[in-house]
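Trainee: Join the two chains into one complex using the hints; note that each chain is given alone, in its own frame.
Chains as they are written, first to last, in the numbering used here: chain A, 78 to 191; chain B, 3 to 112.
Be aware that a few hints might be false.
[Said to hold, decoys possible] Using 27 Å as the maximum straight-line C-alpha spacing, the simulated DSSO-like pairs for lysine-lysine come out as follows:
# : chain 1 : residue 1 : chain 2 : residue 2
1 : A       : K134      : B       : K61
2 : A       : K134      : B       : K72
3 : B       : K111      : B       : K72
[As the list claims (entries may be wrong)] Listed next, the stretches of chain B that the computed footprint assigns to chain A, with coverage defined by at least 3 CB atoms under 8 Å from CB atoms of chain A:
# : segment
4 : 45-58
5 : 90-103
Think of the hints as simulated: they come from the structure by calculation, not from any bench.
What you are looking at is a predicted structure, and each value in this text was computed from that prediction instead of being measured.
Every residue, glycine too, gets a C-beta built ideally from N, C-alpha and C.
Below are the chains, spelled out letter by letter.
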Amino acid sequence: GAGVSQSPSNKVTEKGKDVELRCDPISGHTALYWYRQSLGQGLEFLIYFQGNSAPDKSGLPSDRFSAERTGGSVSTLTIQRTQQEDSAVYLCASSLGGGGYEQYFGPGTRLTVT
Amino acid sequence: TQLLEQSPQFLSIQEGENLTVYCNSSSVFSSLQWYRQEPGEGPVLLVTVVTGGEVKKLKRLTFQFGDARKDSSLHITAAQPGDTGLYLCAGWTNAGKSTFGDGTTLTVKP
Numbered sequence: 078g079a080g081v082s083q084s085p086s087n088k089v090t091e092k093g094k095d096v097e098l099r100c101d102p103i104s105g106h107t108a109l110y111w112y113r114q115s116l117g118q119g120l121e122f123l124i125y126f127q128g129n130s131a132p133d134k135s136g137l138p139s140d141r142f143s144a145e146r147t148g149g150s151v152s153t154l155t156i157q158r159t160q161q162e163d164s165a166v167y168l169c170a171s172s173l174g175g176g177g178y179e180q181y182f183g184p185g186t187r188l189t190v191t
Numbered sequence: 003t004q005l006l007e008q009s010p011q012f013l014s015i016q017e018g019e020n021l022t023v024y025c026n027s028s029s030v031f032s033s034l035q036w037y038r039q040e041p042g043e044g045p046v047l048l049v050t051v052v053t054g055g056e057v058k059k060l061k062r063l064t065f066q067f068g069d070a071r072k073d074s075s076l077h078i079t080a081a082q083p084g085d086t087g088l089y090l091c092a093g094w095t096n097a098g099k100s101t102f103g104d105g106t107t108l109t110v111k112p
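Chain B on its own, in the form it takes in the complex (with noise of 0.2 Å):
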């Protein structure tokens, strides 16, 4: 079983500031997701990330790959209050099948 384990678990910040949240794993990925969850819906996707060492960015949200694919951090500058929700990775593997973390669950707070 690939286990992904995210932290912390629950984040209050205030508006502003700096935050980052980090997906682990024993196992190796062939690609990693991270989708963001509100209340009632659906995950929506943020971004995929292929390749060790690979970092996207997106607007104030960084996103990085670990170099042996096992890691993913995810990095949101000056939070506002409309980032708020469950942030959740994903990893794949080659057979197809994906896991998902247990989740994130940002407040920030105005």
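In isolation and in its complexed conformation, chain A is listed as follows (with noise of 0.2 Å):
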């Protein structure tokens, strides 16, 4: 079956330029995360999605950042006024549940700030 999808795999951006970067989880996992991770480094907790509940939006490292997830699937995470320290790969996983399901990973975006 499909993974999970993310789009674009890579993006350039301007600083003070809004981005949107697309999640399409597994057909059928209520669990959704975003993470943040820098070249060679661990993942930072961005935002968690669990069915209809409201998100966890703790990880949001500030109020440019933002995200929705749609009738339960498709997710996108918004980053205004984009900054040079918002550079990373943003990786996107989707899971049966919460709380110590596998989780699996898209490819990721690479977004670069210019």
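Mentor: Structural data, given as structure tokens:
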């Protein structure tokens, strides 16, 4: 079956512009996570959606970051007024449920802010 | 904030050698996972450990969860170049939130 897909795979943007990153989770997975990863480093948690519950936004680094998940499926991560420190790989993962289920990751979107 | 510290950060060894990677925290986790990530791809789950003191073996990989569920180790026997990658541990809380370690970059030279 299809895995988690993310688009675009690469995005180069100018400082100050807004960007939208898309994640298509595995069908039937109720939990969806966004992470940020700097080169060769661990994953920084950003936001977590579980079913119809209010998302856990505790990892969003600033109010320039927001995310939504429409119809319990596709999710979009939006970064407004991008800064150079936003440059990283943004990874999306989905799982059957929250709390310890296997997370299936997409290939990520590499964001470069010039 | 629950932190997971992984050590070593970088490890370069020859094919056939053994190695151990550690994942430590001052916090208790309900479960802990190990993932492996290759360049340009997302992490892939290797194992989930749930019970304190649990040991799981996957071919040449042995995973152990500490008795107090605060730490874990990954031991690889007779490493092969195909084991090269970034190894990440992730701890889960009862609230359903995960914390990832900073990773161990392993290079196995032929």
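Trainee: Taking the hints in turn, state whether each one holds.
Mentor: Now the hints, each set against the structure:
1. K134/A x K61/B: Not satisfied, since the Cα-Cα distance of roughly 39 Å exceeds 27 Å.
2. K134/A x K72/B: Roughly 25 Å between the alpha carbons, so the hint for K134/A and K72/B holds.
3. K111/B x K72/B: At roughly 32 Å apart (the allowed maximum being 27 Å), K72/B and K111/B break the hint.
4. 45-58: holds (count 5)
5. 90-103: holds (count 12)
Of the numbered hints given earlier, the model fails hints 1 and 3; all others are met.
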